[in-house]
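Protein chains in written order, with the numbering used here: chain A, 1 to 281; chain B, 1001 to 1334.
In short, the hints are calculated from the structure, not lab data.
Fair warning: this is a prediction, and the values are worked out from it, not measured in the lab.
Every residue gets a Cβ at the ideal spot worked out from N, C-alpha and C, and that includes glycine.
Among these hints, one or two may not hold up.
Which residues of chain A face chain B? A partial, calculated answer using Cβ under 10 Å [stated by the list, open to error]: (1) G14; (2) Q71; (3) T73; (4) V120.
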Amino acid sequence: MSEMNHNSKSKLHGIWALTNRELKKWYKEPVLFLLTMIQPILWMGLLGKSMNISALIPTNIPGLDSKALMQETFGTSDYFSFMAVGMVGMTALFTTMFSGMSVVWDRRLGFLNKVLSTPVSRAVIIFSKVLSATLRSMFQTGVIIIIAVAFGLQFGANFNPLNILGVFAIMFLLCVGLSSLFIALTIRSTRMETPMAVMNLINLPMMFASNAFYPAKLMPDWLQSVVNVNPLSYTNDAVRQLLIVNTVDYTKLALDFAYVGIFAVIVATIGIVLSWRFLSK
Amino acid sequence: MSDDVIAAEGLTKVFNKHLMAVDHVNFSVKQGEIFGFLGPNGAGKTTTINMLITVLKPTGGKASVLGFDIAKQDYDVRNVIGVVPQEYTADEDLTGMENVLLCADLYGIPRDVSKERAMDLLKLVELTDFKDKKVQTYSGGMRRRLELACGLINRPKVLFLDEPTLGLDVQTRTASWDYIRKLKKEYGMTLFMTTHYLEEADALCDRVAIIDHGKIVVVGTPEELKHGLGGDIITLRIKEDADVSELIRTVEHVKDVKNEDGSYRIKAEYGEVTAPFVIEALRRKGYTVTKLSLTEPTLNEVYLEYTGKSMRDAEESREANFSRRITMRRARGG
């Protein structure tokens, strides 16, 4: 047992091994897998179908076109389609949050120290966390869209199947940003309670102070200003443009991508720099 | 320094600017020896090992492993060392084989090579029959052996073992020692280990450093340390309520006497010959010996001598406590 081990390894070696370790826990555990899928189904089924907003608008008043009113407010005549898209963003929020918690577990169980003593680069340790959370979220995005279609999601008039690729692209950007944010928040923690509390504090406002359930333009001004900096709002808007809106506003779509892209780059950079510095202490 | 596998000079780690975890320690480990850090929990053993395996950066001083500076050439150090942590780091949801292969991936070992090595290593630690079982079905001893196999996957020249038998029962612990001895004997590997089990340090280590409050108090082979105490220990009690230390001191071959609450700890050469003379001397002055025991020195006596107290645990962080509890629970197969 003596020959040296400087195999031809790249700077990124180990990234797939670590990513797959996270993913395996999920896809090898059918119960957990199912549970993570049930949550968005429940939200969609219960909230999306119970809040039957289009039924609120009376159809028998002359001169009031309920379809046009819905179209004007939500961009689609079907509220369920509107909120199903919000569900995609919300699921990403929760999945990336739990990936942050896995850092704390790795530290407490000694796995993090073990990996730190191997020649795996510090950056790879963090990348693999971000990557596994992102891959999980993107998979869930796909499943949610399929389920939403089964529940009656109505595609826009100009929907093209290739638009789905655009949805995955913007979800990728959002998830990279969010998971970097949550990992940066948890990397220093040795206990579960504090990051859990901080994340809950961030998550609920991020979810409700966005256009996930309700269009921003009907909110009070102060709330709108919050919604307008929330990257989730831009993601939701982009996904709606790509899936359910009849006439796509390309300028807005480009703006959505630019905003979420910049968010991802900035937060990922901050998160990775912070984590890196902490891991090399 | 050239033939030292590990060399540390003034190695220091300070946490939160004032907690001195490791305080200017100096030591060197020679090729092919088992070097042990012995001390209570919280004495700075794990912090030292974490610096040597480049997980923690030292606050001061320097150290090298196989000639590589742990602070400046940390990447090179990581390539040539193997680590068996105190905790059970294997993934419970994966099989033994999958865990070893995961470790191989972390070293960038190609799959065809790593499969063959994993098979060899699982055979070495006698887990071949269980390689496709999930780790959650393993006993404490099996988990330890799996950690050992993972730590050897990159064919390290130096293996670091942090409390290798923590929480194991006596039989399993003794069996684990055999695996560790095998590594030294058959592969000429250098091993650095920490332990708070005195008998483990005595049974396994070629040389031992006793560490207390972050400082090394003495280094030597277990034999040297025990011999250095200057003989055997006679412990006795007398019926009367008087201090007879001075009287005992006059007996030939008695080197030192300590009165600990009426129990006398007498350090003497040739204890079995000296003890009757001590009894005789006391009886002549009218004292009655009620209890007497004779012990050849163990590392416990050495420890007592150098730190002035029995081995007990220092205060620990919440985090260290938590991980130790989990390790103990898993060791018991929970």
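Each hint tested on the structure:
no.: 1; hint: G14; verdict: 5 Å, holds
no.: 2; hint: Q71; verdict: 49 Å, violated
no.: 3; hint: T73; verdict: 47 Å, violated
no.: 4; hint: V120; verdict: 5 Å, holds
The structure shown violates the earlier hints numbered 2, 3.
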